[in-house]
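Undergrad: Protein sequence lines correspond, in order, to chains A and B. Counting in the numbering used here, the first sequence runs from 7 upward without gaps. Counting in the numbering used here, the second sequence runs from 605 upward without gaps.
Hints in this document: simulated from the structure, not taken from any laboratory. All values derive from a computational prediction rather than experimental measurement. All C-beta atoms, glycine included, are put in the ideal place defined by N, C-alpha and C. Treat the hints loosely; a few may be bogus.
[Claimed, not checked] Here are the in silico distance ranges between beta carbons for each label pair:
| hint | chain 1 | residue 1 | chain 2 | residue 2 | range |
| --- | --- | --- | --- | --- | --- |
| 1 | A | A568 | B | N671 | 51 to 61 Å |
| 2 | B | N671 | A | T607 | 13 to 23 Å |
| 3 | A | V217 | B | R701 | 53 to 63 Å |
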Amino acid sequence: MNVAAPVAIAFLAGLLLLALPNRARNLAAIVAGLATLAAAASLWSVSGAVFAGEVVEVSWAWLPFPGADLGFRVDGLALVFGLLVTGIGALVILYARYYLAEDEPVARFHALFMLFMGSMLGVVLAGNLLLLVVFWELTSLASFLLIGYWQKRADARQGARMALTVTGTGGLCLLAGVLLLGRMAGSFDLDVVLVSGDAIRAHPLYLPMLVLVLVGAFTKSAQFPFHFWLPHAMAAPTPVSAYLHSATMVKAGVFLLARLHPALSGTDEWFYIVTLTGLATLLVGAYVAIFQHDLKGLLAYSTISHLGLITLLFGLDSPLATVAGVFHILNHATFKASLFMAAGIIDHESGSRDMRRLNGLWKLMPVTGALAIVASAAMASVPLLNGFLSKEMFFAETLRIESHGLMGILVPAVATLAAAFSVAYSVRFIHDVFWNGEPRDLPRKPHDPPFWMLMPAGVLVLICLLVGILPEQFVRAILEVAARPVTGDRLPEFSLAIWHGLNLPLAMSALGLAAGASLYFSLQRLINLHDIVHLPRGGKEIFDALLGAVLAGARRCTAAVANGSLQRYLAFTLVAAILAAGWPLLTQGLSTGAAPATPVTPLALLLWALAALGAGGVVVLRHHRFVALLFLGLTGLVVSLAFALLSAPDLALTQLLVEVASVLLMMLALYWLPARSRSEVGLAVYWRDATIAGVAGLGMAALTYAVLTRPADGRLAGWLLANAVPGAAGQNAVNVILVDFRAFDTLGEIAVMGLAGLIVAALLADFHADSGTARPRGDRTASLILATAGPVLLPLAVVIAIWFFLRGHNAPGGGFIAGLVLALGLMVPYIGRGNAWMSARLRSDFQLWIGWGLAIAGLTGIGSFVPGFPFLTSAYLAPALPIVGKISIATAMFFDLGVFLVVTGATMVALTAIGRVGATQATAGAAR
Amino acid sequence: MELLVSSAIGLLTAGGVFLLLRARSFEVVLGLTLLSYAVNLFIFVMGRLAIDKVPLLREGVAPSLANHADPLPQALVLTAIVISFAMTAVLLVLALRSHAEYGSDHVDGAEPPAPEPRRRNP
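Sequences and hints are given; from them, build the entire structure.
TA: This is the structure:
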């Protein structure tokens, strides 16, 4: 049987349950129950091998580095824990069938329940630390949903949120710890980690890793000071508490302690942190439990206390203590689950969980009472019950502490005191509920529930008795197989007898029983527990204060940084970019290379001066927008000439054409924007921005200079040049790169271009400029020259565009340049004669050009699939045509045709869309 | 020549960044255009400066870097020029619409609160 099966079965059942109608309570319970039994059976099927000492494993490759496989493994600990999870799960499902009311979404409950069970089984069976953490977080999420099952109740929502916050935070710490741990062990594979204990303990980062992992375990297992979430999680339906807060969720923390025990334990750090945390939790939980009035509150604090006991045992770090810890995990799960069920029955039947009102129920529900009494006795570790056995072992181990100074006295003393407290609250649970007077105004008159609701609790109580009376026969084998991996295969001899003779542990038990019982009755007599109004508090208030402080801090941060000003965001972004780019410059200094300098030409000097004039003009005269635009055009022209000077004719042409197009566009837009900028206030802002700009400019200049003074690595360029003619039959290397070598890039770029055109069209489609914001249009008479020249220039532009297009593969030109030429040729009559004149004559929808262009370019690429080549492979032949000369008809030319169509289309869409705004407005004005 | 090119790129960048930080949408468009000049030039010169070495291959001239400029940055910048034009168009239209809908060409869509008038000394 595949050992991943139990996890898969639980998750699949959860999915199936989600599909069921919410009211199908019988069907849902049957599906969940059968799935749980199937998961248990699939685990049981490997038990033979595991009992024989094998570790059954399965794994799939998952993350691409060693030791991170998706692996599941079953050893003794995992097997016993898995059977505990599924066994108690099955009983709780049966119990929940009778507990949940008919009008509640029962299928959802079971779906979440199975989700939780699958996650818990994942934690137990994970063969890899990373996988374990993933399932760990899933249990936190699933428990959040289960605790908050009664969504309408504020306390349920609050409790769920608190549980998630605390255990989720712990989960993050655990993740960090596990990442460290995996590094130390050299693998995340549990098999490797468990045998790397020596390397891990000797690692310099051992302590931080240990603390992180322990915070994860302690938050999950509600250890002091993280314990406060557990009582608030009691807002969950009782079946959830019976499952999560006795046998599973909170046990995940102590399971982790057991799981990693061979790898982490054995140091003073482990001993002190784990032991003292366990000790404090044991005492605080037991003490606070006495004063709870809520049945489930009492059980919650009792759970905290017992988890402290288990933690303490693992902290003591002796093989026998470890066995006792595993034993107590099993015992606590059985008696606490049955006690939660009993509490749920009482609540269900009487309508109250308040021990100040629930009194004298013995006469009304004797069967429930009998079960609860036996389970409570186990909780108080009365002899002949399972709790007694593990408690005896616990006392014996506390007495065995050596060489830790005061700890040898402190631990047994506190343990006895806590035992007395635990007897006191156990007695209270029984005496207050079943005797101590008569019921006080209960909503309903309670009676024993139907047999099937009692049965699950009955089964668990029976186990308590069997284990308690006949431990050798019932539990030795299970305990041995479960404890062996935890002790690192050094399982000690241990005795499970009830009678070990008159010894100190027995005396401690007897003292605890006597002191606890008398403590309860004297408290009732002296101060009457019912009169206590102020319950011990602290954890929740601190949590709320902390959470409030964090939220307030976050809000202040957000308000300080994100105040809604785009200007400020842009400044932040730019400063961040400057810092990121400037850091190496500051730390390593500006170093220049030894490439020979290019001689300065007079033309270059002139261009530099013009560029400086242009850029300066734009900045200084920015308030006079039209003038600034002219300076911008000047700068663009200089850039274009710089390209020409520096051997880039294609770029020079493109820049020139784009310059014309963008200046046109801006002029059209300027018509609808204010002609002058209002001057801004605040000289400080100017200086701040000028500083940012200055630093950015200096940085860019330094960066460029540092590169330019170094020789180039010409391998890529050399390859491209050498292969342009033989590989792509093109003499214009730039065009060859665009339409052949890197055609896929170009396809992406024309897609962006086309989209930009469509965005412009869409933004202006339903846009009617408000006449109030626009300046009066004035006389519509356009330039006479343009009006006359336009129709003449257009055919010329078409011819030039075709010429540029055809020769593009071998000489400056190509789809981009041809497209821009055609678009500008179309624009001249447009501006000269106006929108109406043009649209009467040219009925072309340029948005379609974009679509066709992209389609042609894409299809050219797909065409190369037909002969079996990769996307966009080109083929060619080279006929010589009259006039044009030798051209190459490459399939790349069809691709370039697509480019041409998209560029023309997008440019025209953008230009005409802005032009049309005026037309619409004029029409609207005329209609008025 | 290297110093000239570097300083020109620095100047264009500084002008562009300063204008990007202004509050009026049109000035931001101007700034973005200046900055795109700078960035395009920057990427272009990553192929180093070459005079009279157009990347057009001719018969009889060895197709190597000794005779031709690096064509790759040129190809990258060619599409970048066209795309920055498309982006300018989008930005302009956004500016236009935002001005029409908010009645202000401030980039935040609203005029900043008026500064308090300075008090005269009594």
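Undergrad: Hints first: check each against the structure and report whether it holds.
TA: Outcome of the hint check:
1. A:A568 with B:N671: 51 to 61 Å: Since A:A568 and B:N671 have Cβ atoms about 54 Å apart, the given range 51 to 61 Å holds.
2. B:N671 with A:T607: 13 to 23 Å: At roughly 20 Å between Cβ atoms, A:T607 and B:N671 fall inside 13 to 23 Å, so the hint holds.
3. A:V217 with B:R701: 53 to 63 Å: Between A:V217 and B:R701, where Cβ atoms are some 56 Å apart, the hint holds.
Of the numbered hints listed earlier, not one is contradicted by the structure.
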